[in-house]
Amino acid sequence: MNRLITHPLLSPAFDRLFDRAFEAFAPSTEGRFHEQLDEKDESHVLRIDLPGLRKEDIRLDLNDRTLTVTAESPADRPFALQYRRAWTLGPEIDTAGISARLELGVLELTLPKIAPAERQPRTIEIQTAA
Amino acid sequence: MNSNDTTTLTQTETAAEPKFTNVRPVYTTHDDETGTRLQVALPGVAKEDLKLTVQDGLLNLEAVRRDVKTPLRYQLSARLANRLDGEAVSANLEHGVLEVRVPLKAEAQPRSIAIQ
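One line per chain: the protein sequences are A and B, in this order. Its first residue numbered 0, the first sequence is counted upward by one per residue in numbering that gives the first Met the number 0. Its first residue numbered 0, the second sequence is counted upward by one per residue in numbering that gives the first Met the number 0.
Check each hint, because a few of them may be wrong.
Just a few of them, taken from the derived set where beta-carbon distance is under 10 Å, the chain A residues facing chain B [unchecked claim]:
(1) His33
(2) Asp37
(3) Asp40
(4) Asp48
(5) Leu49
(6) Leu52
(7) Arg53
(8) Glu71
(9) Pro73
(10) Arg76
(11) Phe78
(12) Tyr82
(13) Leu101
(14) Pro111
FYI, nobody ran anything at the bench for these hints, they're computed from the structure. Think of the CB as a built atom: it goes at the ideal place given N, C-alpha and C, for glycine as much as any other residue.
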C-alpha cells in the first residue's frame with residue numbers, strides 16, 4: 000500500500016512573505032476609517048467607511064427621531080470592525096424618506112430635508128368681467 | 000541648457016494635479032503553504048482609480064479616493080520574498096477591500112511524495 004506524506008517547506012521557518020518596504024512613507028492618518036457628513040440643498044448625506052462589510056452585517060434603526068447605525072464584522076471578514084452610533088434627527092429631516100446604500104465598502108445614508116414652504120412671491124391675476 | 004523649459008513643465012503639472020492627502024491604508028497579510036494573501040481596506044475606491052504593479056520584486060499599490068472632501072491617495076509598497084512568484088499575482092477588489100494573492104514559486108510549493 001502506498002502512503003502519502005506531505006513534505007513541508009525546506010526553509011527553517013515559514014517567515015513572513017511580505018516585508019513592508021517603505022515604513023517611513025506613511026503619515027499619521029494610518030488606521031482611520033472615515034466618516035463624513037455633508038449638507039446639500041435637499042438633504043444631509045452621511046458616509047461611513049465599512050470596508051469588507053456586507054449588507055447583512057449592518058443594521059439601521061429609526062426609533063422616534065433617533066437613527067442608530069450598528070455594524071459588526073463576522074470573523075470571516077478581513078477587518079474586525081465594530082461600529083455603533085446614534086444621531087438625533089432635527090425637525091427638518093424627513094424621516095420617512097431616509098435611504099441607504101452600500102457601495103465600495105462605504106455606507107451612504109441620505110437624509111432628505113422637508114421641503115421649505117413655498118416663499119416665492121406670486122403675482123395674482125385680476126379677473127375682469129368683460 | 001533647457002532649464003527654463005523644464006521649470007515651465009513642472010509648474011504645469013503641479014497646477015493640474017489636485018491636492019491629495021497621502022494615506023497608508025489599513026491592511027492585513029496572511030501566509031499559508033501555497034503563498035500569501037494581502038488584504039487592503041480601500042473604501043470608496045473605484046477599480047479604475049486603483050493601480051497595482053509588480054516590478055523587481057516590489058509590489059506597489061496606489062489608489063485614489065475621490066468621494067471625500069480632500070481626495071486621498073492610498074499608497075502601500077511591499078517587497079516580495081524571493082520564494083514568491085511575482086509573475087502570478089492576482090487581485091480582486093470587492094466591498095471596498097482589495098485582495099492580492101501571491102503564490103509561491105512552483106519549486107517552493109509543498110509537494111506530496113509517494114512512498115513505494
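Does the interface hint hold: is A:Pro111 within less than 10 Å of chain B, judged Cβ to Cβ?
-> 20 Å, violated
Satisfaction of the A:Arg53 interface hint, Cβ to chain B closer than 10 Å = 7 Å, holds
Is the hint on A:Asp37 kept, meaning its closest Cβ partner in chain B is under 10 Å away?
-> 8 Å, holds
Closer than 10 Å between Cβ atoms is the bar; does A:Phe78 clear it against chain B? Give me holds or violated.
-> 6 Å, holds
Does A:Tyr82 pass the interface check with chain B, least Cβ-Cβ distance below 10 Å?
-> Nearest chain B Cβ about 12 Å off; hint violated.
How about A:Asp48: closest beta carbon in chain B under 10 Å, or not?
-> Holds - the Cβ of A:Asp48 comes within 10 Å of chain B, reaching about 4 Å at its closest.
Could you check if A:Leu49 really has its C-beta closer than 10 Å to a C-beta on chain B?
-> A:Leu49 check passes; min Cβ-Cβ to chain B is 7 Å, inside 10 Å.
Status of the hint placing A:Leu101 at chain B (closest C-beta pair under 10 Å) = 8 Å, holds
Let me know if the C-beta of A:Asp40 comes in closer than 10 Å to any C-beta of chain B, holds or violated.
-> 17 Å, violated
Hold the hint about A:Arg76 up to the distance rule: shortest CB distance to chain B must be less than 10 Å.
-> 8 Å, holds
Using Cβ atoms only, decide whether A:Leu52 comes closer than 10 Å to chain B, and label the hint accordingly.
-> Given a least distance of 7 Å, the restraint on A:Leu52 holds.
Tell me if A:Pro73 is really an interface residue toward chain B, meaning its C-beta lies closer than 10 Å to one of theirs.
-> 13 Å, violated
Hint violations for this structure: numbers 3, 8, 9, 12 and 14, all remaining hints satisfied.
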